[in-house]
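> Here is what each chain is made of, one letter per residue.
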Amino acid sequence: METILEIKHLNKRFGNKLVLKDLNLTVKKGEVVCIIGPSGSGKSTFLRCLNLLEEPNSGEIIFEGHNLIAKSADLDRLRMKMGMVFQNFNLFNNLNVLNNCIIGQTKVLKRKKTEAIKIALELLKQVGMEAYINETASNLSGGQKQRVAISRALAMNPKIMLFDEPTSALDPEMIGDVLNVMRNLASTGLTLIVVTHEMDFAKEVANTIVFMDQGQILETNNPEVIFNNPKHQRTKTFLKRVIEKK
Amino acid sequence: MLTKIMPQGFIEGIIFLIKEYYPLFLDGIKYTVIISLTGTLLGLLLALIITPIKTATISKRDRIMLIIFKRCGICLATLYVEILRGTPMMVQAVIFYYGLRGMGIDMSINFFGILYIPGIIVSGITIVSVNTSAYIIEVLRGSINAIDKGQMEAARSLGMTKLQALLKIIIPQALRNCIPAIGNEFVINIKDTSVLSVIAVTELFYMTKRINSIYYRQTEGFIIAAIIYLILTFTTTRLLYWISNKLGNRKQLTYPTSQSY
Ligand SMILES: Nc1ncnc2c1ncn2[C@@H]1O[C@H](COP(=O)(O)OP(=O)(O)O)[C@@H](O)[C@H]1O
Ligand SMILES: [Mg+2]
Chain A
9 METILEIKHL
19 NKRFGNKLVL
29 KDLNLTVKKG
39 EVVCIIGPSG
49 SGKSTFLRCL
59 NLLEEPNSGE
69 IIFEGHNLIA
79 KSADLDRLRM
89 KMGMVFQNFN
99 LFNNLNVLNN
109 CIIGQTKVLK
119 RKKTEAIKIA
129 LELLKQVGME
139 AYINETASNL
149 SGGQKQRVAI
159 SRALAMNPKI
169 MLFDEPTSAL
179 DPEMIGDVLN
189 VMRNLASTGL
199 TLIVVTHEMD
209 FAKEVANTIV
219 FMDQGQILET
229 NNPEVIFNNP
239 KHQRTKTFLK
249 RVIEKK
Chain B
17 MLTKIMPQGF
27 IEGIIFLIKE
37 YYPLFLDGIK
47 YTVIISLTGT
57 LLGLLLALII
67 TPIKTATISK
77 RDRIMLIIFK
87 RCGICLATLY
97 VEILRGTPMM
107 VQAVIFYYGL
117 RGMGIDMSIN
127 FFGILYIPGI
137 IVSGITIVSV
147 NTSAYIIEVL
157 RGSINAIDKG
167 QMEAARSLGM
177 TKLQALLKII
187 IPQALRNCIP
197 AIGNEFVINI
207 KDTSVLSVIA
217 VTELFYMTKR
227 INSIYYRQTE
237 GFIIAAIIYL
247 ILTFTTTRLL
257 YWISNKLGNR
267 KQLTYPTSQS
277 Y
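From first to last, the protein sequence lines stand for chains A and B.
With our numbering as the guide, the letters of the first sequence map in order to residues 9 to 254.
With our numbering as the guide, the letters of the second sequence map in order to residues 17 to 277.
Any given hint could be a false lead.
With a straight-line Cα cutoff of 30 Å, these simulated DSS-like cross-link-like pairs (lysine-lysine) come out [stated by the list, open to error]:
#1 B/LYS86 / B/LYS20
#2 A/LYS29 / B/LYS86
#3 A/LYS89 / B/LYS165
#4 A/LYS79 / B/LYS20
#5 A/LYS118 / B/LYS35
#6 B/LYS76 / A/LYS118
Listed next, the stretches of chain A that the computed footprint assigns to chain B, with coverage defined by at least 3 CB atoms under 8 Å from CB atoms of chain B [to be verified]:
#7 98 to 107
#8 159 to 165
Source of the hints: derived by calculation from the structure; they are not laboratory data.
We put the CB at the ideal spot given by N, CA and C, even for glycine.
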């Protein structure tokens with residue numbers, strides 16, 4: 009299958025601290041990649057480097073043939089093709105649900121307002137939020153916010169969706185709704201990169217699991233190998249601890 | 017017209033001045049309110065234009081011309097704020113007024129004969145607007161910094177430019193949070209327009225001085241002025257507090273202090 013994203017020798021430091029060390033990863037079109045690993049291992053930083061919310065110090069990120077790290081890359085154009093969903097939602101507080109899902113379409117994609125509304129309503133319907141279009145973010149529960157945030161990103165017709173622990177800030181009874189939305193997305197053939205602690209979800213949905221520890225990718229493999237027969241001792245220890253916690 | 021005799025007593029004197037000269041006081045009130053209100057609103061408008069320039073950040077990806085442009089913008093905006101906040105409005109007023117006069121510029125505005133605004137009032141409004149903008153820029157900047165960084169990141173991740181994110185997402189939220197502070201600027205301006213009397217703007221303080229000079233008696237007139245100022249600021253503060261509550265701002269208005277020290 010066609011490669012959509014290729015990361016080569018990516019390094020990122022904060023001050024003197026090297027938090028991402030020589031990361032390499034190839035993502036194919038339609039693939040679902042789950043990134044797992046202990047907290048502080050650099051998962052969020054890695055994801056944020058992919059759409060340049062953090063500027064990497066060296067390496068290459070090749071997305072649809074363009075190196076994003078090159079100075080000449082048109083970031084705003086490339087960013088709109090990569091949807092991002094944050095742990096704490098980041099819905100626009102000054103806009104209602106519908107306008108959250110419209111503003112990117114009209115301001116960035118220059119869609120007509122009527123068209124943008126149609127697309128937003130369709131997406132909000134898919135996540136069961138069409139009854140809340142006039143609410144502001146502060147009136148929604150965490151799970152509802154996250155479903156709106158996913159619709160907002162999808163409204164831009166992204167080629168890749170990046171999720172940074174989308175269910176970590178949710179009450180347990182809300183997690184299922186959001187994971188279901190993501191499952192549906194995976195089945196549509198959209199490329200997903202998901203940082204998650206939901207091991208069952210990863211096992212079920214991912215084509216590829218990336219295990220990160222201390223700023224490095226220690227293992228990249230399919231779920232069967234990672235969960236049943238990991239090569240690295242640290243992967244084993246991590247998975248054992250996560251499963252015990254449950 | 018013969019001038020009437022002003023009674024000797026203090027209270028009688030006050031009553032006499034109010035009775036005989038209330039049209040002049042009203043005129044002063046009118047200009048004080050007009051100048052401080054439009055000055056604050058135009059100051060806000062100026063601040064909205066200048067704040068994005070002052071808070072511009074230079075990214076490694078910017079082209080060289082853009083970097084130069086941004087650097088100049090940041091420098092000029094910083095200079096603007098520092099100078100205006102670092103000098104008294106009274107000094108700004110005389111420099112502006114005599115500067116224009118020296119160049120022979122007429123500031124009066126005439127809208128097709130429908131609306132005529134005398135040059136001195138336009139000058140007053142300009143001075144207050146520019147001075148106020150410097151304070152509002154700082155208020156706005158603090159308010160922008162207080163907005164969760166995630167809002168900007170979410171906007172950028174949709175492909176919005178930094179300017180789009182500022183105008184559509186960040187500034188609307190910041191503005192809402194600083195409505196009380198902008199209200200304070202208005203109250204401060206009601207008091208501080210009195211310094212415009214040095215260039216003979218016909219606001220309340222100037223009108224009071226004119227009335228006082230008729231009888232060579234100072235205290236009575238200024239007491240009246242003080243009471244009028246107090247009524248103006250008190251009602252404005254309450255009004256702003258009420259508006260602010262309506263808009264759901266829980267932060268209370270702090271009692272304003274003067275800026276012209
Ligand atoms: N903005 C930042 N400035 C400095 N250090 C940071 C910053 N963001 C993250 N870090 C550090 O980088 C490391 C990786 O963090 P992060 O990517 O958030 O890990 P994870 O998402 O796996 O928990 C941590 O040690 C963290 O303290
Ligand atoms: Mg994280």
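> None of the hints should be skipped; say for each whether it holds.
Hint check results:
1. B/LYS86 / B/LYS20: violated (64 Å)
2. A/LYS29 / B/LYS86: violated (34 Å)
3. A/LYS89 / B/LYS165: holds (21 Å)
4. A/LYS79 / B/LYS20: violated (81 Å)
5. A/LYS118 / B/LYS35: violated (64 Å)
6. B/LYS76 / A/LYS118: Roughly 27 Å between the alpha carbons, so the hint for B/LYS76 and A/LYS118 holds.
7. 98 to 107: holds (count 6)
8. 159 to 165: Result for this restraint: holds, n = 3.
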